[in-house]
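A.B. asks: Each chain, letter by letter, is given below.
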Amino acid sequence: MITHTHRPLRVVLYEGSGSIALPAEARAKVMMSLLDKGYAVTRSGQGASSMPHDDRSLLVLGAFEGRAPALEDASGRIDIDTRDITGLEPEAIVSLVEKTRGDKPMNEPGKWKPWFPVIDYSRCTNCMQCLSFCLFDVYGVSEDNKIQVQNNDNCKTNCPACSRVCPEVAIMFPKYQAGPINGDEVNENEAKREKIKVDISSLLGGDIYSTLKDRSVAAKSRFSKERSSDKALSERKKCLTKLVGDGFIPAEVLASLPSTEEILRKAEIAKERAAAALAAQ
Amino acid sequence: MPDTPTILYCRCAYAQVVPSGVKNEVLQKLCDSSMSFETVSDLCEMAAHRDPRLQAIAACGKLRIAACYPRAVKGLFQQAGSPLSEDVEVLNMRTQTADEIAAALISPSDSSPQP
Numbered sequence: 001m002i003t004h005t006h007r008p009l010r011v012v013l014y015e016g017s018g019s020i021a022l023p024a025e026a027r028a029k030v031m032m033s034l035l036d037k038g039y040a041v042t043r044s045g046q047g048a049s050s051m052p053h054d055d056r057s058l059l060v061l062g063a064f065e066g067r068a069p070a071l072e073d074a075s076g077r078i079d080i081d082t083r084d085i086t087g088l089e090p091e092a093i094v095s096l097v098e099k100t101r102g103d104k105p106m107n108e109p110g111k112w113k114p115w116f117p118v119i120d121y122s123r124c125t126n127c128m129q130c131l132s133f134c135l136f137d138v139y140g141v142s143e144d145n146k147i148q149v150q151n152n153d154n155c156k157t158n159c160p161a162c163s164r165v166c167p168e169v170a171i172m173f174p175k176y177q178a179g180p181i182n183g184d185e186v187n188e189n190e191a192k193r194e195k196i197k198v199d200i201s202s203l204l205g206g207d208i209y210s211t212l213k214d215r216s217v218a219a220k221s222r223f224s225k226e227r228s229s230d231k232a233l234s235e236r237k238k239c240l241t242k243l244v245g246d247g248f249i250p251a252e253v254l255a256s257l258p259s260t261e262e263i264l265r266k267a268e269i270a271k272e273r274a275a276a277a278l279a280a281q
Numbered sequence: 001m002p003d004t005p006t007i008l009y010c011r012c013a014y015a016q017v018v019p020s021g022v023k024n025e026v027l028q029k030l031c032d033s034s035m036s037f038e039t040v041s042d043l044c045e046m047a048a049h050r051d052p053r054l055q056a057i058a059a060c061g062k063l064r065i066a067a068c069y070p071r072a073v074k075g076l077f078q079q080a081g082s083p084l085s086e087d088v089e090v091l092n093m094r095t096q097t098a099d100e101i102a103a104a105l106i107s108p109s110d111s112s113p114q115p
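Protein chains in written order, with our numbering: chain A, 1 to 281; chain B, 1 to 115.
The reader is advised that the hints may include incorrect statements.
What the hints assert, rightly or not - Here are some, though not all, of the chain B residues that point toward chain A, as calculated from beta-carbon distances under 8 Å: (1) Q28; (2) E38; (3) A48; (4) C68; (5) Y69; (6) R71; (7) A72; (8) E86.
Unchecked claim - Here are the simulated distance ranges between beta carbons: (9) B/P19 x A/E185: 15 to 25 Å; (10) B/G61 x A/E272: 38 to 48 Å; (11) B/T95 x A/S57: 15 to 25 Å; (12) A/R77 x B/T4: 18 to 28 Å; (13) A/T125 x B/N24: 35 to 45 Å; (14) B/P19 x A/K111: 32 to 42 Å; (15) A/Q281 x B/N24: 40 to 50 Å; (16) A/E65 x B/D87: 35 to 45 Å; (17) A/E261 x B/N24: 46 to 56 Å; (18) B/G61 x A/A92: 16 to 26 Å; (19) B/A103 x A/L264: 36 to 46 Å; (20) A/E185 x B/N24: 18 to 28 Å.
Stated by the list, open to error - Heads up, simulated EDC-like pairs for lysine to aspartate or glutamate below, C-alpha to C-alpha not over 20 Å straight-line: (21) A/K29 x B/E25; (22) A/K37 x B/E25; (23) A/K29 x B/D32; (24) A/K156 x A/E262; (25) B/K62 x A/D36; (26) B/K29 x A/E262; (27) B/K29 x A/E25.
Treat the hints as calculated values from the structure; they're not laboratory data. The model shown is predicted, which means the values in this text are computed figures rather than measured ones. Glycine is no exception: its CB is placed at the ideal position from the N, C-alpha and C atoms.
Extracted from the complex, chain B is given alone in its bound form (with noise of 0.2 Å):
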């Protein structure tokens, strides 16, 4: 496994429950950022018919995913039949702040906060 973690940012494009503010906010910062990183529309309706892009990443090992509660993004992958590992990183877009997000997303692997 790779040990530079894998960024994934959920747009949750589907339902406008996460503040647009600050989603936009953290992909700007992504985009500002010399990162590669992947994008999804929204994770709750790839998980709502299984998308095997979710086995992918998963399989991914060292990944922080910008999205919403993690007890609910975990939940989201486990039900697809692709558990995250423990470690996976998961920042909350409706609660926390883009700043802290995506000093989180872009720090390095050895020094990332916790959310």
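Bound conformation, chain A alone (with noise of 0.2 Å):
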């Protein structure tokens, strides 16, 4: 499920007693290389508070005069590594902490696109559309019966498409360029425009679905007479076209969509699963 696990090692740059302080310039260029490489770096300074160490293991950066302190965790459940980099150009102290990482794989930018929905729970209403619309099993539901992103390294780089048919503007992907899905606040206008485009999705069951969270035994009976599966998988296929065409999706996620059989069963799993969360409530 969640497969990008090699946590960057932490860096202190320790510019306390005892030390000398980098000139700013060269201390910028150190943390900013450090950075793009996917290092965590902590600025040891003055005046806020530093985040409690976690990690197993530390890297402790500092100007100490050719003196570098042996370290200790009171714990003796974090191994603290200390370098000397009195004199060092900031290439020369990013290039020791990368020897000193040595062979420890590390999650790297460049290589890999965090591209996963994040859920606004203050916009969810819980109405299932996203599980019901994406093919890849990104989305589940929690013992609660609350919808969750559950598999987000299913997702599809770049493929917006289930924040596209939300009802309710509450999906955003965090990397994407334009707003709301971005994560910029939803204006009035926009939550109107993006109601229009869940007509789209109305054409893969939305409606049936939204008629069901009113949890009323008419809606349960309704949404037991689900259409013909071949319909909803015509439907399906006309919708995501449609959203291809608007530039909404990339090709290649409609390339890669799977078999007409599985399509299908997933529909079907999704929409059991949709029904018994929604029925729970």
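Given two chains presented individually in distinct reference frames, assemble the corresponding complex, making use of the accompanying hints.
C.D. replies: Structural data, given as structure tokens:
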């Protein structure tokens, strides 16, 4: 489910007592380089609190004038490595960090894009349209029958289609360029525009799900009279093709859709899960 | 919980959606100050694999974050199982200027403006 688990090494740039502070320009250069390589960096100076250490290893850099102190974690849980950077240029400091890390694997920018939906629960009404819509099993239902993102690795990079069909504009993709999908505030006009788009999603059975949300007996009965699977498949394809044509999702996503049989199977499973979650509300 | 806020800067290094001029300038201004601060390569990347550091960050209590849209940042933490407290200040490097952000990050804790 979650595969990118090589957490970055945390580096502390120590500039407290017993060390000499780097020039501001060099400090910024070192920090930018390390961050762009994927490291987490703490600048230990004055006037603000630092995050507690929760890692098994920590690399402390400081201009200790040739005498890097040996540090030990009182709890014994954290290995603390210290390196003296007196007189080193920014490039040499970054090289020293890389050398110290050695061959320990670490997530690195450029090799993967963190692309996955983020649900704004202050807007989400738990209608389950996203669960029904996504063919890649990104969404699931929690033990208390709430929609949640369960398999973010399954999400297709640069595809924000589920946010386009969300009637409440509650699905964000923080790496998307435009609002409100990128997390920008939702204004009423945008919300209305998004609701119009939901007409597209109603092709996929969204109307049935939203009616079900009323928890009325009649709605439950209507849900049981599901449309034919052939028609549902044809409508889903039509919807996806339109989203590609409008530039909302990449063509590669359409090209990577599962087989017809698989789509039907997934749609059936999603429908059952959504219905069960809604019925249990 | 400490009175002084923890300052967190997100580099958004895994995708180029934050203007590089703004994020570089904000980091430079933090470096020009004498403040302690935390930086991470990318909060989205951390949220994607539920990095336990998010929990440590959220537990800091008083927190000022320079990243992107507040709705997205709060959603990322919540989705990763580490919701932020209501009074966390999120500064948006996609829409605000570096000067505005740096001033809000570095200002004394009782006079910081809301974004």
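A.B. asks: What hint numbers does the structure not satisfy?
C.D. replies: Violated: hints 8, 11, 14, 18, 19, 25, 26.
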